[in-house]
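Novice: Listed below are the residues making up each chain.
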Amino acid sequence: MNTTIIPSKNQRSEIIPEKKKKSQLVSIWKRLRKNKLAVAGLVILTFIILSAAFANALFDYNTVVIQQNAADRLQPPSAKHWLGTDELGRDILARIVHGARVSIPIAFTTILIATIVGGLIGAISGYGSKRVDNIIMRIMDIFLAIPGILLSIAIVAALGPSLRNLLIAISIANIPPFARIVRASVLSIRNEEFIEAARAIGANDLRIIFKHIIPNSMAPVIVQATLCIAGSILEIAALSFIGLGIQPPAPEWGAMLSGGRQYIRYAWWICAFPGIAIMLTILSLNLLGDGLRDALDPKLKN
Amino acid sequence: MNRSKLLEIKDLTVEYRTDDEIVYAVNSLNLSLHSGESLGLVGETGAGKSTTALSILQLVADPPGKITSGEILFEGDDLLKAKRDFLRHIRGNKISMIFQDPMTSLNPVYSVGDQIAEVIYLHEKCSKAEAQQKAADMLEMVGIPKDRYDEFPHQFSGGMKQRVVIAMSIACSPKLILADEPTTALDVTIQAQVLELMNDLKVKLNTSLLLITHDLGVVAQVCDRVAIMYAGEIVETGTVEEVFEHPKHPYTIGLFRSIPTLDEKVDRLKPITGQMPDPTNLPSGCKFHPRCPHMNEVCTKMKPAMTNVAGTHIVKCLIHEGKLDPTEIMEEVNYVR
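Chains E and L, in that order, are what the protein sequence lines are. The opening position of the first sequence corresponds to residue 1 in this note's numbering, with each subsequent residue numbered one higher. The opening position of the second sequence corresponds to residue 1 in this note's numbering, with each subsequent residue numbered one higher.
FYI, nobody ran anything at the bench for these hints, they're computed from the structure. Heads up, some of the hints might be wrong.
Lysine-lysine pairs mimicking DSS-like chemistry, simulated, CA-CA at most 30 Å apart [as the list claims (entries may be wrong)]: (1) L:Lys146 to L:Lys202; (2) E:Lys130 to L:Lys66; (3) E:Lys211 to L:Lys125; (4) L:Lys146 to E:Lys30; (5) L:Lys128 to E:Lys211.
To list a few chain L residues with every Cβ distance to chain E over 12 Å, as calculated [said to hold, decoys possible]: (6) Ala192; (7) His214; (8) Ala220.
Cβ pair distances, simulated, as ranges [said to hold, decoys possible]: (9) E:Leu227 to L:Glu75: 29 to 37 Å; (10) E:Pro215 to L:Gln193: 25 to 33 Å; (11) E:Pro220 to L:Gln193: 36 to 44 Å; (12) L:Pro145 to E:Met279: 50 to 58 Å.
Glycine included, each C-beta is placed from N, C-alpha and C at the ideal position.
Same shape as in the complex, but just chain E (with noise of 0.2 Å):
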């Protein structure tokens, strides 16, 4: 924005601009404070991000992570291995922190395009004429007819299994349901009468999807954001089951989930902590989505 003081007879006026985009920022992190539990979802996403950043530094790759080491192998958790080892010998602690550094980004990437894509899809459905909304919410029902899951599988099967793929093929999932959201949301805000006021000032098609619609729908997409990306997690995880995901011996929490899956009866800490990891995570994105949403509605202000 421009925020350039234009030159005035009027002094009292001039600071308005830079005050104000200031102000709302503030406004915004001073709600989010006050809500304990986005605070709390806040600190953990936070350590998740760091430990993951500085994996490196805390755990080498080749050493510790994939080097498989046989006679420590299914120690429980102790001194030298904080959460224990898996059935090849390797420290689980270390693998959850590399673990990371694929989950996360993937999940997060895939739903920021999830969201851009369905959001527009979407709000050109909601706002469009009845053909038009007709002919993309049928396409939309045809996809949300197939298991995401299975759509998925079907399209890293068709392009073969890479991160790329991988990519693809969970955000194409996870599409339709934002393209749902979004469109319910238009179609009520478009008949508020501030839309008409709106068109009333001489506003184009464009900016009143952009700087009246959207806005104004976004309560509902933030809440499915971060429940989609935990769902995109487990996603990511159950295509490293299956073989299509991320391939061993590289860490990656589903994966690690479901190799551990087979000594549960006498190693929980295989399963336990992975799990754990990827519940923290969604805990903490869900927190989070709700006191940002709360903090972003400006009618609950103080």
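Please arrange chain L on chain E, whose structure you already have, making use of the hints.
Specialist: Chain L in isolation, oriented as in the chain E frame:
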């Protein structure tokens, strides 16, 4: 006063078409407005007042709404045939609209100042900062301190919100303001303030005003001319003095009779008997005949034409066309308030 015609509506017909019926909302409506003049459009709920205003800006929702015939000339251009870009240029810039309910006509996620700035930014070639500057000045003009620029609509009271809406509507100094029941959602004290503000601004900016209302008192306070609307038609029009002092149409007379007077004790109000006709199935002939106290057989068959009775005073009634025997209703015709 400049007597050039700013807005002229000729033979406007608007219908709402649904699968099983057609609602005849506006039927062959004629209306004109000079620059600097304010016209009150009065009528019952469902008489087609709002539809008329929305058709001027081409904002009638389509579907189901459809403008089937007519011309709307604004400064000589027919808005019904205008291109979308031209319409966007007109909207908010030359013609602006004040909506009925200020609670819902402001976007809840933007600060009020930014919403005013949006109009200015859209129509005047200026930077965002200049638009914001001017928006702040507009706020002061309608009596809201600049400090409240950053506040959101929910932090304002109803009257304040309506002031913001008015500030938006005058921000580009339009030639014509369409005010669709601007005071209906407000309480009486705020109504007075808002009307006073609109009157002031109208004089200051020399804007024309089309004020839609069902409150005859508001018309008397604000308007120069008045048009009475019934079932999608204008039944009587003239200056406020002409219509208020010498109402000629039985419907208008009925409207005035239903207002209680201050110096007389009345137990019951005198409403006009009957209901508004069903707009999907309008009566033949004169649309008012089922409720009219002077209904004659001719009224059911013949559509009345606009008859000039005095000065600019025009009435759409067969009595004044001389189609009925006037002797039996002389008393009524010469009714003076």
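Novice: Take a quick look at whether Lys146 of chain L and Lys30 of chain E sit within 30 Å of each other, Cα to Cα.
Specialist: Answer holds: Lys146 of chain L to Lys30 of chain E is near 24 Å, not above 30 Å.
Novice: Check whether the Cα positions of Lys146 of chain L and Lys202 of chain L lie no farther apart than 30 Å.
Specialist: Roughly 22 Å separates the two Cα atoms, so the pair holds.
Novice: Taking the minimum C-beta separation from His214 of chain L to chain E, is that value above 12 Å?
Specialist: holds (19 Å)
Novice: With 25 to 33 Å as the target window, see if Pro215 of chain E and Gln193 of chain L comply at their CB atoms.
Specialist: holds (31 Å)
Novice: Holds or violated: the 50 to 58 Å window for the beta-carbon distance between Pro145 of chain L and Met279 of chain E?
Specialist: holds (51 Å)
Novice: Compare the distance between the alpha carbons of Lys211 of chain E and Lys125 of chain L with 30 Å, and conclude whether the hinted pair is satisfied.
Specialist: holds (19 Å)
Novice: Verify that the Cβ of Ala220 of chain L lies farther than 12 Å from every Cβ atom of chain E, and report whether the claim holds or is violated.
Specialist: holds (27 Å)
Novice: Lys130 of chain E and Lys66 of chain L: Cα distance at most 30 Å?
Specialist: Holds: Lys130 of chain E and Lys66 of chain L sit about 16 Å apart, inside 30 Å.
Novice: Could you let me know if the closest chain E CB is still more than 12 Å away from the CB of Ala192 of chain L?
Specialist: Holds: least Cβ distance 24 Å, greater than 12 Å.
Novice: Straight-line Cα separation of Lys128 of chain L and Lys211 of chain E no greater than 30 Å?
Specialist: Roughly 15 Å between the alpha carbons, so the hint for Lys128 of chain L and Lys211 of chain E holds.
Novice: If you check the beta carbons of Leu227 of chain E and Glu75 of chain L, does the distance land in 29 to 37 Å?
Specialist: With Cβ atoms ~54 Å apart, the hint is violated.
Novice: Using the Cβ atoms, figure out if Pro220 of chain E sits within 36 to 44 Å of Gln193 of chain L.
Specialist: holds (39 Å)
Of the numbered hints given earlier, the model fails hint 9 alone.
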